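If you read the protein sequences in the order shown, they are chains F and U.
Letter by letter, the first sequence follows residues 87 to 331 in our numbering.
Letter by letter, the second sequence follows residues 1075 to 1335 in our numbering.
The set of hints was computed from the structure by calculation and includes no laboratory data.
Some clues are possibly wrong.
[What the hints assert, rightly or not] Here are the computed lysine to aspartate or glutamate pairs in the EDC-like style, where the Cα-Cα straight-line distance is at most 20 Å:
no., chain 1, residue 1, chain 2, residue 2
1, F, K313, F, E323
2, F, K260, F, D180
3, F, K313, U, E1302
4, F, K269, F, D180
5, U, K1094, U, E1154
6, U, K1083, U, E1309
7, U, K1153, U, D1164
8, F, K169, F, E135
9, U, K1319, F, D171
10, U, K1094, U, E1302
11, U, K1083, U, E1315
12, U, K1153, F, E220
13, U, K1153, F, E218
14, F, K260, U, E1135
15, F, K269, F, E259
16, F, K269, U, E1135
17, U, K1153, U, D1090
18, U, K1094, U, E1259
19, F, K99, U, D1325
20, U, K1153, F, D163
21, F, K169, F, E159
22, U, K1153, U, E1302
23, F, K221, U, E1135
24, U, K1153, F, E279
25, F, K169, F, D180
26, F, K89, F, E135
27, U, K1083, U, E1259
28, U, K1153, F, E262
29, F, K169, F, E279
30, F, K99, F, E309
31, F, K269, F, D171
32, F, K260, F, E273
33, U, K1153, U, D1183
This one's a predicted model, so the numbers in the text were calculated from it and none came from an experiment.
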Amino acid sequence: MDKFLYISMTGAKEALDAQRLRANNLANVSTTGFKADFHQYRSMSVFGEHYPSRAYAMSERPGTDTSSGTYMETARDLDLAIKGDGWFAVQMPDGSEAYTRAGDLKRDVTGAVTTGTGLPIMSDGGPLVLPEYEKLVVGVDGTLSITGLGEDALSLTQVARLKLVNPPAGEMEKGEDGLFRLKGGGELQSDPEVQVVNGMLEGSNVNPVNEMTAIISHARLYEMNVKMMQAAKEMDEASARIMQN
Amino acid sequence: MHASLWVSKTGLSAQDTRLKTISNNLANVSTTGFKRDRAVFQDLLYQINRQPGGQSSQNTELPSGLQLGTGVRMVATQKEFTMGNIEVTDQGLDMAINGRGFFQILMPDGSINYTRDGQFQVDSTGQVVTSGGFPLEPGITVPEGFQNISIGTDGVVTAVDAQTGDSTQIGNVQLADFINPAGLEAMGSNLFRETVASGAPTQGEPGQNGLGPIIQGALESSNVNVVEEMVNMIETQRAYEMNSKVISTVDQMLQFIGQQL
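The following block holds chain F by itself, in its conformation from the complex (with noise of 0.2 Å):
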């Protein structure tokens, strides 16, 4: 008896596996700063002395699309976006450092600037950290400049500027938590070159046409391999009643 079984419930387990990554990327459709993960199948050869056959499937995650995502305009002032390549850093609980690209700051009580998700944005000098101001300008490399509260429109005041980092494309890996990280771990220093523009935001880069696409492909690579082990099955059945005559 064939054991072919097995190598077609890999293809369908492994396919229903590729359909939880899509599906999470077309669940962070709207998530700000969101980077599809890609995806493919590999596959894992078992050749024994016999006729060389047996070839499991494997899913795997190779990395993140890093490309921008769609740009839109919030016009809120503390709504940043890189253009192009490059990263804000973040302040872990832990001390250390992450990446990202979602920039919707806000500003607490205590005047520091946190994500979103409430995570310390990094400037030059460690988090940063805002006095009350009127008006925030913010330089195209991430310079914040403000106008304290009451004061004349034209007295800017140079406050800080935004640690922004750009490693070289695929030093960069998605961590458990959403965030990037370096690959082999450790800081970054920060990079002059990378641009930053305020009043946008960066939404995610998933793109649902070629989402849906994989869907749909992944969904008839999974109806292939039970239409194999239903074959495996009867092939099975039809050796048994051979027996039993």
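Take the given structure of chain F and dock chain U to it, following the hints.
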């Protein structure tokens, strides 16, 4: 059952809540002093099914693993305190704040609430009250027989005695400001309440120390942008549809295996 069903379910419920904030914004498109809400989304945890960089033999390692996300959630709604349009109404007790600051309203329980809605009226005792009937704080009373109330940009309220024609100062409008207005708790009826996140209020004279001057005979309209909300609504609806499509696809897959085997 299969995890993608739950992943897509998080997508559906997040889009559902987002639609609720959009519909609330649109419903308040003509509410004086209304500040729009924005939904903040965050991706949920990732589960590592196969660790990237694990050893595939003594000298080789797996180039990539399998990390699967668990969906999305709405972490917060954020009030956006951008200015609405100033509309001229020519009503004597209508006030708009052109900049930062809130009117202080004395609630029946003695606490102070804050509002940007400057539609004030005079009640039977001559007190200046909101359309909900709550008095402005510090209180201003228009004495009987006085008319032609005028409010200066610095909040000084004067009225003219109808008999003698003399102008008298009858009160001062004071404004309050917060370090983080987005942290205020919206109470409904255009009112906000101080929270730990907003910080303690600082009182001041309109037009001083960063507080906006008062414009008499004008109102601040809602800061909801109808076009933006419509675009958000289209986006929400389509995202909702696509997430439900994933659920039906996975459902069909599970149904298929049930029927075929």
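Now the hints, each set against the structure:
Between F:K313 and F:E323 the alpha-carbon distance is near 15 Å, which keeps this suggested pair within the 20 Å criterion. Restraint check: the Cα-Cα separation between F:K260 and F:D180 comes to about 18 Å, which is no more than 20 Å; the hinted pair holds. With a C-alpha separation of about 48 Å, the suggested pair F:K313 and U:E1302 falls outside the 20 Å cut-off, and the hint is violated. Distance hint between F:K269 and F:D180 is fulfilled; the C-alpha atoms sit about 18 Å from each other, no more than 20 Å.
Among the hinted pairs, U:K1094 with U:E1154 is consistent with the structure: their alpha-carbon atoms are about 16 Å apart, no more than 20 Å. Taking the CA atoms of U:K1083 and U:E1309, the gap is near 17 Å; set against the 20 Å cutoff, the hint holds. Restraint check for U:K1153 and U:D1164: the C-alpha separation of about 29 Å exceeds 20 Å, so the hint is violated. For a cut-off of 20 Å, the pair hint linking F:K169 to F:E135 is broken: about 56 Å separates their Cα positions.
A distance of roughly 33 Å separates the Cα atoms of U:K1319 and F:D171; the hinted pair therefore is violated under the 20 Å criterion. Taking the CA atoms of U:K1094 and U:E1302, the gap is near 15 Å; set against the 20 Å cutoff, the hint holds. Of the supplied pair hints, the one linking U:K1083 and U:E1315 holds, its CA atoms being roughly 12 Å apart against a limit of 20 Å. Restraint check: the Cα-Cα separation between U:K1153 and F:E220 comes to about 18 Å, which is no more than 20 Å; the hinted pair holds.
Restraint check for U:K1153 and F:E218: satisfied, since their Cα atoms lie roughly 18 Å apart, inside the 20 Å limit. For the given pair, F:K260 sits about 19 Å from U:E1135 by alpha-carbon distance, which is consistent with the 20 Å threshold. Among the hinted pairs, F:K269 with F:E259 is consistent with the structure: their alpha-carbon atoms are about 6 Å apart, no more than 20 Å. Between the alpha carbons of F:K269 and U:E1135 the distance comes to roughly 14 Å, so the proposed pair stays at or under 20 Å and holds.
At roughly 19 Å between alpha-carbon atoms, U:K1153 and U:D1090 fall within 20 Å of each other, so this suggested pair holds. Between U:K1094 and U:E1259 the alpha-carbon distance is near 18 Å, which keeps this suggested pair within the 20 Å criterion. Proximity of F:K99 to U:D1325 is assessed by CA-CA distance (about 14 Å); at most 20 Å being required, the pair is judged to hold. With a C-alpha separation of about 13 Å, the suggested pair U:K1153 and F:D163 falls inside the 20 Å cut-off, and the hint holds.
A threshold of 20 Å between alpha carbons decides the hint, and for F:K169 with F:E159 the separation of about 13 Å falls inside it, so the pair holds. A hinted pair counts as satisfied when its Cα atoms are at most 20 Å apart, and U:K1153 with U:E1302 qualifies at roughly 15 Å. Between F:K221 and U:E1135 the alpha-carbon distance is near 52 Å, which puts this suggested pair outside the 20 Å criterion. Among the hinted pairs, U:K1153 with F:E279 is inconsistent with the structure: their alpha-carbon atoms are about 33 Å apart, more than 20 Å.
Simply put, F:K169 and F:D180 have alpha-carbon atoms about 29 Å apart, too far for the 20 Å limit, and the pair is violated. Only pairs whose Cα atoms come within 20 Å are accepted, and F:K89 paired with F:E135 is accepted, the gap being roughly 15 Å. Taken as a hint, the U:K1083 and U:E1259 pair is broken in the structure, with Cα atoms around 29 Å apart against an allowance of 20 Å. Pair hint U:K1153 plus F:E262 does not hold up; C-alpha atoms about 29 Å apart against a cutoff of 20 Å.
For a cut-off of 20 Å, the pair hint linking F:K169 to F:E279 stands: about 10 Å separates their Cα positions. Among the hinted pairs, F:K99 with F:E309 is consistent with the structure: their alpha-carbon atoms are about 11 Å apart, no more than 20 Å. A C-alpha spacing of about 17 Å is found between F:K269 and F:D171, which places the hinted pair at or below 20 Å, so the restraint holds. Annotation: proposed proximity of F:K260 to F:E273 holds, straight-line Cα distance about 15 Å (limit 20 Å).
About 26 Å separates the Cα atoms of U:K1153 and U:D1183, which puts this hinted pair outside 20 Å; it is violated.
Hint compliance for this structure: hints 3, 7, 8, 9, 23, 24, 25, 27, 28 and 33 are not met, and every other hint is.
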